[in-house]
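Student: For reference, the chains in residue letters:
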Amino acid sequence: MSGSPAVMIEDLAPAELVTRCQAALGEGARMQFMYAWFPEGPTAPELRYVLHPGRGCPPHIWRCRPGDEPPPSLATIAPLLSWYERETTDLCGVLFRGEPLPQPLVLLPGATVDRPPLVPGPMPHLSYTPSPQDLPQLGGATREDVQLLPFGPIRADVLESAQFAFLYAGETILHYHPQLFFKHRGMEQRFEGLSPILGAVLAERVSGVGTVAHALAYCHAIEAAAGCEVPRRATWLRVLLAELERIYNHLHYLGHLCHTTTLKVGEAQGKYLEESAKQINSRVSGSRLLRGLLTPGGLRREPQLSSLVATLAQLETEFQQYADRLAATTSHLDRLMTTGILGQQLAFDQGATGPVERACGLDRDPRRDQSYGAYAELPLSIAIAESCDAYARQQVRIAEIFNSIAVIRAVLAGLPDGPLRTECRPPPRGEGLGWAETPRGTAYYAVHLGADGRLARVKIKSPSFSNWRVFPYTVHDSNMMDYAINEASFGLTVAGCAR
Amino acid sequence: MTLKTILPWTLFGLTEGRVTTRWRGEGTEPGQAAFLGMPRFDPSRCEDGCRECVDVCLPGAIRLVPGENRDYPTVDYGRCVVCQMCVEACPTGAFTRSSDWAFGSRTREDLAWTRAAASPQGVTLKREIRRVFGRSFHIRHVDAGSCNGCESELQALNNPYYNLHRLGVFFTASPRFADLLLVTGPVTYAMRGPLLAAFEAMPEPRFVMAAGTCAVSGGTNGGGWACGNGLDGVLPVNMYLPGCPPNPPAIIHALLILLQRLPQRVRGGQLDSLEPAAGEPHA
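Protein chains in written order, with the numbering used here: chain X, 300 to 798; chain F, -14 to 268.
One or more hints might be untrue.
Partner residues aside, some chain X positions facing chain F, computed with beta carbon under 8 Å [to be verified]: (1) K482; (2) R484; (3) R599.
In case anyone wonders, no lab produced these hints; they're calculated from the structure. Even for Gly, the Cβ is constructed at its ideal location relative to N, Cα and C.
Looking at chain X on its own, in the form it has when it is part of the complex (with noise of 0.2 Å):
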């Protein structure tokens, strides 16, 4: 893959697992994401653990084989990991010692399966008698005024689905416990026994609004596993389509942001730019969401750019102006002000990424940190903002609605000349990692392939999944009338998280 630093694989005995991990973090690395698959059959798992080591330096890869023994947990130590270890209870069957907290994640309360999903072998059966969640004793006789309120996950107006609990005592909310697994379609499993080229058409129907950048780490893993070189035009084209998705979804989220903050007029403009930003899309690849486009080895076809000099610039103007109303709207800042704050050192260790992340003052972005696709060579600017609220969230995507432009420019005005595709056969057993930032973080793809050359094992790590993680932290001890304009400003999705 052009211009990405290569990924090392280091194998680790379960032993070494808590001293690496722990030396690792005291060096200043972030664990990212952990799964399991079966390379040598349905009882034998084998651990793959994915960090970075820092700036500049490539993702790090530990495997380790687990054994008879279950592997220790590292959740006391990267709090982050926990969700991924109880994924990988639920769906894989591997246990971890001393897990904190051994509640299945994925599967819903009341759910079982005969046998864990991910394992190979027959599909699982699946029993399910809803049962109610388990939520901390508070109240009781001596707080009569601490009430339960559960919300969803057919919630109001046309919004994806969710189940949200609230503990709360007049206005205050106490605790907050979300269900965010009501829409997991097992799409892991859906890529096993795929052709790597059909592959790309199911990583774009993982999280529709992030069908670029899903389709792009999907891409980029198949790349790294056949060792192919994507012709230059591909990838700067990519990034022109990347940054068009950045468009239309940071344009959604400031008109979804007004409609919190009841700005009706700034609610309208917003939803009407997002508009005009996806019709930009269906001009430029016949599709609103930009699917279709994208493939291993570079694009299927040449996407059509007669006449996006001229709607990019018509958009700018009519994008700063906006900006420029929101700056002078005193009554809307002040909602987002000092609402919904995560604290750095939160952020980093629960894993929270892109502009959630860059809003706290974390100067990190892997399109420059490890750089992918054509983007060293173009005028990337990285928004930080420091005041880890709703405001500082907001100030992030504003700054990058316009950077994002400014990139697309600069493709359009160096795009080099070239074929569009190269060959792409990742060999029998081979595997790949890959990433890319999406409008809400990163996400990753981690595929292998089997010895008939289709797909084994495809692993997603979404950026919603990291952000929901992170997001109750700034909900317990705030106020009802906060949370609908906090939710806002973290933009999630339910599909990245649940897929």
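On the provided structure of chain X, position chain F as indicated by the hints.
Tutor: Leaving out everything else, chain F in the frame of chain X:
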């Protein structure tokens, strides 16, 4: 503070003028220029023994069926996710790109390609449906496991460009006020119960619409251990709209078919011509 900060928005809103599209289901729509719909299929161009399209169709919308002399492909647009892979794989041009997105259909059968597509049946107006719901129609949307792509386009219906309210169609929070249950996603095991509960809470007469290929047939994401294959066998469906996702005018078109304010355009997997026949209803 209020006047000083809100006044610029009010002035902007007043001076910006109307941005809403005039589209009401007739003719072409400039905002959808270059949008790719369902690929058109011309089996007379197929070569003997060729199965290139079948092999690249991830959701299994294209299948070989036995014919008199040879097997030939057939298309179920209810499974199509408009990925355009068949267009690229076809060596003879039997599949071509098209802007055919107005695929709302009252019957599942009309989404399957048939050799002799009947000319569109004249719409028999049931005056009662138009009188009761024609200008006040309330939708309860339920996400039964979508990728969020369909939600993105459903949310767009209320932006100033499409401005669904002007047509007398509204989203409502409570199923008890809803006339239509609009479902997206292939129906996950966990959303099946809440979906049925929402339907049970609706007053009669009530309608159900499967929006997006996942809800119509499961598409690429249905099946497996955690998912169903769309709404068939779960709820009685009055309107099928495949698309991945369907664009907002396709959703509006399907809603107006349901309200008998526009004729259905798809028969046997093919669209009729754009010119409405004399005497057909307009929105």
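Student: All hints, please: hold or fail.
Tutor: Hint check:
1. K482: Holds - the Cβ of X/K482 comes within 8 Å of chain F, reaching about 5 Å at its closest.
2. R484: holds (5 Å)
3. R599: holds (6 Å)
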